[in-house]
Amino acid sequence: MKLVASLAVLALAGISILFQRRYGARVTAYYDRNHRWAFPLSFVGFFTAAALLPVWLDVAQEELAVSVGVFALLSLGLNVVVGFAGLLDLGYVAFWAIGAYTMAILGGTGPLHFAHLSMWQIMPIALMVALLAGVLLGGPTLRLRGDYLAIVTLGFGEIIRILAENLESVTRGAKGITNIPSGEIPNGNPLVNVIVHAATHVENFWIRLYNAIAPGTPHPTRPVPGQDVIVFGVNPVPYYLLLLFVIVTMVLVIRRLNDSRVGRAWAAIREDEFAAEAMGVPTLKYKLWAFAIGASTAGLSGVVYAARVQFVNPESFGFIISITILAAVVLGGLGSIAGALAGGAVVTLIPEVLRSLPQRFQDARYGIFGGILILMMIFRPQGLIPSRRRAAELKGGAAETKGPLDGGLPADLATGAGDATA
Amino acid sequence: MPLLEVRDLSMRFGGLVALEDVDLAIESGQIKGLIGPNGAGKTTFFNCVTGVFRPARGAIELAGKSLVGRKPHQVTKLGIARTFQNIRLFANMTALENVQVGLDVRHRTSVVGAIVRPPRTRAEETEATVRGHELLARVGIEKLAGHVAKNLSYGDQRRVEIARALATRPKLLCLDEPAAGMNPAEKSSLMSLIRSIRDDGVTILLIEHDMKVVMGICEVVMVIDFGRTIAEGPPEQVQRDPRVIEAYLGAGAADAAGG
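Chains as they are written, first to last, in the working numbering: chain A, 1 to 422; chain B, 1 to 259.
No lab work stands behind these hints: they were computed from the structure. Source: prediction; values computed, not measured. Where a beta carbon is used, it is the ideal one built from N, C-alpha and C, also for glycine. Among the hints, erroneous ones may be present.
[Stated by the list, open to error] Beyond 10 angstroms from chain B on every Cβ pair, some chain A residues (computed): (1) PRO111; (2) ALA115; (3) VAL309; (4) ILE323; (5) ARG365; (6) ILE372.
[Said to hold, decoys possible] Straight line, CA to CA, 25 angstroms or less: simulated DSS-like cross-link-like pairs of lysine-lysine: (7) B/LYS143 with B/LYS187; (8) B/LYS77 with A/LYS285; (9) B/LYS65 with A/LYS285.
[Claimed, not checked] Simulated restraints, written as ranges between beta carbons of each label pair: (10) B/SER110 with A/LEU375: 38 to 46 angstroms; (11) A/ALA174 with B/PRO118: 45 to 53 angstroms; (12) B/ARG7 with A/LEU252: 50 to 58 angstroms; (13) A/ILE159 with B/SER110: 48 to 56 angstroms.
Let's have the full structure, built from the sequences with the hints guiding it.
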């Protein structure tokens, strides 16, 4: 049955190629990133495909898909800080750790037992906690520029990890916190009932769809009979779908921010902070917002991560994570949302793919990974899916040959605007 | 009451006195020139007025409101816009986007507003596009709206910078050597642009080295040297002032030139 589905996808691809031959110009227009349908089509297409992906995966691959989701969400958030606002943050892992530890502690499994909240309740709390941490770190440090900011954030990342190691009465130190509650939906008050009811319908739709494509696929979210909770438990698929949902939401939020005065302010700060301030951009305020949005995204990722692995310890939040996420953002294309997602996926997948190398190469796995990253940066310095602005930056004068990037008014505004729409 | 009034402005960098008791007043609708030899303190004066430096002493008031201690973005919001001696555009943004950053000073959309996009935000975005094109047309480069700023010619970059400054809807526009590096044709079209901006009701403070430009458009000129005012008055009068000739050409030159 999976074979049939795969064939169907191939057939679809074939049809679209034929279709493009026939209506070439019109179809390629959709690939032009200035086209008004370019974003909605690629957005819906990509995320529908991503939601269906588990159908073709075995459990180990589904686990990997969850890791990809966690890292894609992280690099999505860091891209706001580094890619949009141009602030080099080398301690980004701290906000991920804060999200994960918030989940562990408020979930009631740490040494402190003052709360027993569910993942759903903790998600907004952790978002706020990480956001506050971002503002607290940013307030004093964002007055620094460039290298100095990088060093201070690096220090912050280490401080959070060392705090987690030594604050044993809260975090149980190096032993870590185990048995973190997995995501579950309590069946208590009426509001939750409504949500569960709706979720069940959505879920049934998915189960039917999955079984239609590939009978016998494990259910995405399986209600446990006789219990009043839906346990996310050992099946990775619900976490994957939850991450996908969070990513979709954050992509829309971040995209809207970037396409507004906020995004223009960030870009101006990245280009020339002094000139931005002189042109009336409250630079400190917008840098703080970039930090806060990046931090809260990492916080959400941390919650889902902690709920999934049900265990956190300080070792999971080392400096190498900050560097990996930064590599993902640069690799994907600084300032590009799609690039950040692609970069997050690539840095998670390459080491895993390299596992299939012969045994004698296994020790050199991360060395090979590093080599691949270097090659990618040499041959594609603008990133996998570069932002238009970054592409222009690296191409220098060449941008002109491709014509104006953002020329002209939208058609409905162009009346009397002369040749602006040329 | 003058639009901008500066009294006893002094600025020091360590032991170096950059400005000493400088007074300046600009009436609304004037084009005032600020000239002086290299290192005289002209740009320092600009930086004090626009909030980049906090002066050691003195008062700066725009339409009666004190500017001392305000940050540059607050000064811009109160109505002073500037251009830079060495052009400082947002190099990898388009000409239109550069202007829109200036327009955003008068916009009220918050971060939450940018996400939710209520009607006001949409209206502001539309305004940013329409006004952005209008402003580029105003300085004569509407066709270049979609071009990345760094790919524009030097003269066009100056024009984008002026459009970006005008976008903040200033009462006072401070131009720091706008004619530097321009050829005679570009200079004369720049002069008529500056005059037409003044005719639209924007007061202009101009730092300029090029005497033809200064004498051609300024109604009043103030000369500073070593951080002190040495002369002030109409251009023809200032031009003949022995102290000014001495500052530019050295001691003795005044006698030779004076005749």
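Verification of the hints:
1. PRO111: holds, 37 angstroms
2. ALA115: Answer for A/ALA115: holds, closest chain B Cβ roughly 28 angstroms.
3. VAL309: Holds, since 31 angstroms exceeds 10 angstroms.
4. ILE323: Holds, because the least Cβ-Cβ distance between A/ILE323 and chain B comes to about 26 angstroms, which exceeds 10 angstroms.
5. ARG365: holds, 37 angstroms
6. ILE372: holds, 28 angstroms
7. B/LYS143 with B/LYS187: holds, 21 angstroms
8. B/LYS77 with A/LYS285: Status holds; Cα separation ~15 angstroms.
9. B/LYS65 with A/LYS285: holds, 24 angstroms
10. B/SER110 with A/LEU375: 38 to 46 angstroms: Since B/SER110 and A/LEU375 have Cβ atoms about 43 angstroms apart, the given range 38 to 46 angstroms holds.
11. A/ALA174 with B/PRO118: 45 to 53 angstroms: holds, 49 angstroms
12. B/ARG7 with A/LEU252: 50 to 58 angstroms: The hinted range 50 to 58 angstroms holds for B/ARG7 and A/LEU252, with Cβ atoms some 53 angstroms apart.
13. A/ILE159 with B/SER110: 48 to 56 angstroms: violated, 31 angstroms
In this structure, the one hint that does not hold is number 13.
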